[in-house]
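Undergrad: As given, the protein sequences belong to chains F and U, one line each in that order.
The numbering used here numbers the first residue of the first sequence as 1 and each following residue consecutively.
The numbering used here numbers the first residue of the second sequence as 1 and each following residue consecutively.
No wet-lab data here; the hints were simulated from the structure.
Treat each hint with caution, since some may be false.
[What the hints assert, rightly or not] Estimated spans, in silico, between C-beta atoms of each pair:
#	chain 1	residue 1	chain 2	residue 2	range
1	F	R113	U	N124	50 to 60 Å
2	F	A111	U	Q166	33 to 43 Å
3	F	P98	U	T146	54 to 64 Å
4	F	E63	U	F102	49 to 59 Å
5	F	S181	U	E52	37 to 47 Å
6	U	F102	F	P41	46 to 56 Å
7	F	G61	U	A35	21 to 31 Å
8	U	D48	F	V132	48 to 58 Å
9	U	N124	F	G84	46 to 56 Å
10	U	D185	F	T51	49 to 59 Å
11	F	A111	U	N184	49 to 59 Å
12	U	T62	F	S181	27 to 37 Å
[Claimed, not checked] Stretch by stretch, here's where chain F covers chain U in the computed footprint (C-beta under 8 Å, at least three residues):
#	segment
13	86 to 98
14	152 to 159
15	176 to 185
[What the hints assert, rightly or not] Derived, one-sided and incomplete: chain U residues facing chain F with beta-carbon distance under 10 Å:
#	residue
16	L29
17	G59
18	L70
19	L118
20	I131
21	L132
22	N134
23	G135
24	A162
25	Q165
Backbone N, C-alpha and C define an ideal beta-carbon position, used for all residues, glycine too.
Take a look at the letters that make up each chain.
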Amino acid sequence: MKSFLIRPALALALAAGLAGCGGSDKAEFTVAGTVYNLLYPGLKLTTNGTTIDVAPPAKAGDEVSFAFPNKLEYGDEYNVQITGEPLHQDCDLVGQYPTNADTAGRLAQIAIRYSCVIEQHAIGGAISGLTVAGLVLANGSTGGTVAPAKDATSYAFPLTVEYNQTYGVTVLTQPAGLTCSVSNPTGTMGDVDIKNINVACVPNT
Amino acid sequence: MKRFYLRVGAALACAVTLSACGGSDGELLLGGSYAGVTKAGLVLTNGDQRFEVPASTAGNGTGSFYFQDLVSTDDEYDVKVVGMPDNVSTCDVVNGKGRAAFNITTVQVICTFKKHKLSGTVANLRASGLILVNGSDRVEVPAGATGFAMAEVPEDAVYGVAILQQPANQACTVANGSGTMGKNDISNLTVTCAP
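So that you can see chain F by itself, here it is in the shape it has in the complex (with noise of 0.2 Å):
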C-alpha cells in the first residue's frame, strides 16, 4: 500500500522538475555593454530593430552601461550597429576582434565595448607674399609649429585642435626681409576645420 502511494508521488515530482527545466522559460540573452570616455549625448545603438539613446554619465570619465530592452532567444543573431554618433566625439569598437555581431548563447554574456574619443580638426589658412623661405608659425606651446615653404598660397598645421579646446597661432620666426602678420589667430575649435587663420607677409621698408 506504502509503495502504490510513493510510486506516483515520484513520478508527479519529475514531472513538476521537468516543467521547471525545459518548459515554457526559454533562455533569454541581453545585449548589453560598456562605452568608455563618452562626453555628449547623442550616442545611438541599433541592433534588432530596436534603437536605444546612451546617455553620457553623470561624472565625465566614467564609464556607461547600457542594455536593449529586447531579450534574444539562443540562436538569434545580433548586429549591434552606432546609428548616431555623440556630438563632438566619435566612438569605435574596442579591441582586435569585433564582439558587436555574433549569434546569441554562443557567448554566456553579451558585452560589446566602445570607446569615444574627442573630435579633432585642423587649423590653417591662405598665405599672401611669401616669397622666400623662412616663416615658422606655433600654435602656443601646445600646437606644435608648421614651416610654409617659399611661395605657399595655404598651410595647415601637422597638428590638429581638439574640440572646445583654445588655439592661437603666432609667428614665432620672420622670413629673412619680410614681416608677416596672422589674421584671425585665435579662437575655441568647434565641428569643423578652421581655414581662416591667413598670413599676409609684405617686403620690409
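We have chain F already, so just place chain U on it with the hints.
TA: The following block gives chain U in isolation, referenced to the frame of chain F:
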C-alpha cells in the same frame, strides 16, 4: 678503444656547445622605449655596459633604444640612468630590472622636462573680458590687472601668446608674444590696451 675516443669526442662537442651558449656574447636584446628626450645627453648603463641614447628623430622626444651588447639567458640586468639631457629634471626607469629570458623590449625611460614660467605685464586694462591663449592654455585677465602668468612651458619648447577675446570696448596688443623657452623664466611679454 673505439669507445674511449667516442667518449672524448662527445665531451669535446659538449664543451664547445656550452661555451657557444654561455660565453661572453649573449643572444638577447636589452632595450625598450624612451620619452621626453629631445636632445642628446641621456646615458644609460647596465652593469659595465654604457649606452648614449641619441636625440629622438621623431620630433616629439620619443623613440626606442637597445644596448649594443647582447645579454645572455638568465643574466640579471639593471638599467640605470647616469646622464640626462640638460633640459630635463628627471629621467625615471620603469621595468629596468630583471632576469633575461627573452629579448627584453619593455624597459621604459621617461624624462620630465624642466618647466619655466611665462609671464608679462599689462598696461591700461580697464575693462573685463581679456582672454589670452598659448595654444590650448587659456588665461582670463581681470579688469585692472597689471600682470598675467600663463601655464609653465617646457624648456626648449616654443610659445606664442595671442588674444582670444578683447576686453569690452578696448583693444589690446601683445608684444614679445612668441619665442622659445630657454633656461630661465620669461617675463618680458607686454599687453597694452587702448583707449
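Undergrad: Taking the Cβ atom of U:N124 and the Cβ atom of F:G84, is their distance within the range 46 to 56 Å?
TA: holds, 50 Å
Undergrad: Holds or violated: the hint that U:L118 contacts chain F, with Cβ atoms closer than 10 Å.
TA: holds, 8 Å
Undergrad: Okay, U:D185 versus F:T51 on CB: inside 49 to 59 Å?
TA: holds, 56 Å
Undergrad: Is 37 to 47 Å respected by the C-beta to C-beta distance linking F:S181 and U:E52?
TA: Once the Cβ atoms are compared, 43 Å apart, the range 37 to 47 Å for U:E52 and F:S181 holds.
Undergrad: Could you check if U:G135 really has its C-beta closer than 10 Å to a C-beta on chain F?
TA: holds, 2 Å
Undergrad: The hint says 50 to 60 Å between F:R113 and U:N124; measuring C-beta to C-beta, is that right?
TA: holds, 55 Å
Undergrad: Mind checking the hinted window 27 to 37 Å against the Cβ distance between U:T62 and F:S181?
TA: The hinted range 27 to 37 Å holds for U:T62 and F:S181, with Cβ atoms some 34 Å apart.
Undergrad: With a cut-off of 10 Å on the beta carbons, see whether U:N134 makes it to chain F.
TA: Result: holds, 4 Å to nearest chain F Cβ.
Undergrad: How does the coverage statement for the segment 86 to 98 of chain U fare against chain F, requiring three or more residues with Cβ below 8 Å from a Cβ of that chain?
TA: Our answer is that it is violated, as 0 residues pass the Cβ test (under 8 Å) against chain F, missing three.
Undergrad: Quick check on U:G59 please, does its C-beta sit within 10 Å of some C-beta on chain F?
TA: Status holds, d = 9 Å.
Undergrad: Starting from the hint 48 to 58 Å, judge whether the C-beta atoms of U:D48 and F:V132 obey it.
TA: Since U:D48 and F:V132 have Cβ atoms about 52 Å apart, the given range 48 to 58 Å holds.
Undergrad: Taking the closest Cβ pair, is U:L132 under 10 Å from chain F?
TA: Since the shortest Cβ distance to chain F is 8 Å, the answer is holds.
Checked against the numbered hints above, the structure breaks hints 2, 4, 13, 16, 18 and satisfies the rest.
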